[in-house]
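There are 2 protein chains.
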Amino acid sequence: MSTWIHHCGERDVKRPDRFFFEPLEQFSEGDRLELDSREAAHAQRVKRHGVGSEVELFDGHGRVARALIDAVSRRGELSLRIVELGRSPRPERRVWIATAVPKGDRMETMLDMLTQLGVFRLTPVVFARSAAQSGPGRQKRWRRVLVESCKQSRRGILPRLDEPRSLSEWLGEIGVAASGTRWLADPDGMSYERARADAEPGRRTEVLVVVGPEGGVTSAEKRDLIEFGFTPVALGDHVLRVETAAVAFAAALASVSEL
Amino acid sequence: MSTWIHHCGERDVKRPDRFFFEPLEQFSEGDRLELDSREAAHAQRVKRHGVGSEVELFDGHGRVARALIDAVSRRGELSLRIVELGRSPRPERRVWIATAVPKGDRMETMLDMLTQLGVFRLTPVVFARSAAQSGPGRQKRWRRVLVESCKQSRRGILPRLDEPRSLSEWLGEIGVAASGTRWLADPDGMSYERARADAEPGRRTEVLVVVGPEGGVTSAEKRDLIEFGFTPVALGDHVLRVETAAVAFAAALASVSEL
Chain Z
99 MSTWIHHCGE RDVKRPDRFF FEPLEQFSEG DRLELDSREA AHAQRVKRHG
149 VGSEVELFDG HGRVARALID AVSRRGELSL RIVELGRSPR PERRVWIATA
199 VPKGDRMETM LDMLTQLGVF RLTPVVFARS AAQSGPGRQK RWRRVLVESC
249 KQSRRGILPR LDEPRSLSEW LGEIGVAASG TRWLADPDGM SYERARADAE
299 PGRRTEVLVV VGPEGGVTSA EKRDLIEFGF TPVALGDHVL RVETAAVAFA
349 AALASVSEL
Chain E
99 MSTWIHHCGE RDVKRPDRFF FEPLEQFSEG DRLELDSREA AHAQRVKRHG
149 VGSEVELFDG HGRVARALID AVSRRGELSL RIVELGRSPR PERRVWIATA
199 VPKGDRMETM LDMLTQLGVF RLTPVVFARS AAQSGPGRQK RWRRVLVESC
249 KQSRRGILPR LDEPRSLSEW LGEIGVAASG TRWLADPDGM SYERARADAE
299 PGRRTEVLVV VGPEGGVTSA EKRDLIEFGF TPVALGDHVL RVETAAVAFA
349 AALASVSEL
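These protein sequences, in sequence, are chains Z and E.
The opening position of the first sequence corresponds to residue 99 in the numbering used here, with each subsequent residue numbered one higher.
The opening position of the second sequence corresponds to residue 99 in the numbering used here, with each subsequent residue numbered one higher.
Treat the hints with caution; some may be incorrect.
Chain copies aren't distinguished; within one or between two, either way the pair holds.
[Unchecked claim] Derived lysine to aspartate or glutamate pairs resembling EDC-like cross-links, with alpha carbons at most 20 angstroms apart: (1) 112 <-> 335; (2) 238 <-> 312; (3) 320 <-> 137; (4) 145 <-> 190; (5) 249 <-> 154; (6) 249 <-> 335; (7) 112 <-> 129; (8) 145 <-> 322.
Hints were generated in silico from the structure; no laboratory data involved.
Pulled out of the complex, with its shape left as it was, chain Z reads as follows (with noise of 0.2 angstroms):
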């Protein structure tokens, strides 16, 4: 097994197209696979493959695979062979958001948003003020946001999404104990930069933030975050939505390779 993806030399030469398979574990070189009706679709109606058109397939666990399309059945179904295997490389910090949902489009943004930003886990929270939501389907359609994003961004390995909890909830999950570094996003709170100089050294591969609603956190709820160890952070001089606060906190973390 090789990781050929992230190290090839020429930069500049347009790298594959990626698609969706999962999972690669058990396959070989020279194994044949088909690809489902959804990514089949994409890579023929809209990214126009053909037989003998060399593709990137990856699982989101980190396994990827180098494949060449070697037969188009009349139905549409693509058959590959897979050429090379290899593996995405783990990111060496694990940045874990808790959010509040925003409403409607803009939680499918945010998961976009925070995929390429290479966010290693999500948990949808539920807080006092946070809007009612509902619907079937929706973490379904997350996860498929969050296979497409990864597919365009080039992430090997999905984000972990989990089913949505009520902040007391998760709290008890999570523990007091637990080690990382913990900031709530509040535009009341200390500067990010003096947060950063502030995380403890043995807790900086792990940094958990949590975004509230839109009308903010209760003081309650405030309360306990800070028992649960979790320092009010400001990014910037403004009111950030909750999507863009997500994103923000991500951002600022993916530019630096330490806390």
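Based on the hints, put chain E in the right spot on chain Z.
Just chain E now, with coordinates in the frame of chain Z:
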């Protein structure tokens, strides 16, 4: 003229809602004014304000006012009396983003987020691989997004939004010699950290970031940009969409007080 807005001690107190009124320059304390119909409708229908309510006004040029609603006409016009005038602080660093126009809603999402993140100036640029952009009224709609975003995020000064222009026109305008740090968002560029460390101390108060279109800048465009002093810089490990790159650079810059 005071600057009470940024100096109030009680930070947990809910700050009054903000509405847009332009310009505030020639007004004094005690003067009366009338909100335009869009802002008046927002104040009454969405925010439920009536006679006696206290609100804040901002004109997008840095003037702010505390005002009381003292009359509502039968047709919904709102008359206000200015209680106190103030000024928003000017940002110390000026971030200027010149970017390809992403498709559809994504432009408006980008403008909204960049406003919250304090970007000083925005120039839509047409690149060789830009998708065709058309439609009158876009500029007006975009400006409306900036105003709404200022209202919500309590930003006092509107970002400057230029008319779209071609890359060569724009490079001609900014010239080779102008001051400021110049970066080109580029997944193959040097790391953001190194670029920050490399920025010349004398050129750190203005940062200019160029973000190319979906298909990337052409090698000729990249050559031109490098000739005009732009350093290719990568933020994070993945390929970022136009709007994500613009927002990520703005957020990373907003997270630090000095380059």
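Are there hints from earlier that the structure breaks, and if so, what are their numbers?
-> The structure breaks hints 2, 3, 4, 7 and 8; every other hint is satisfied.
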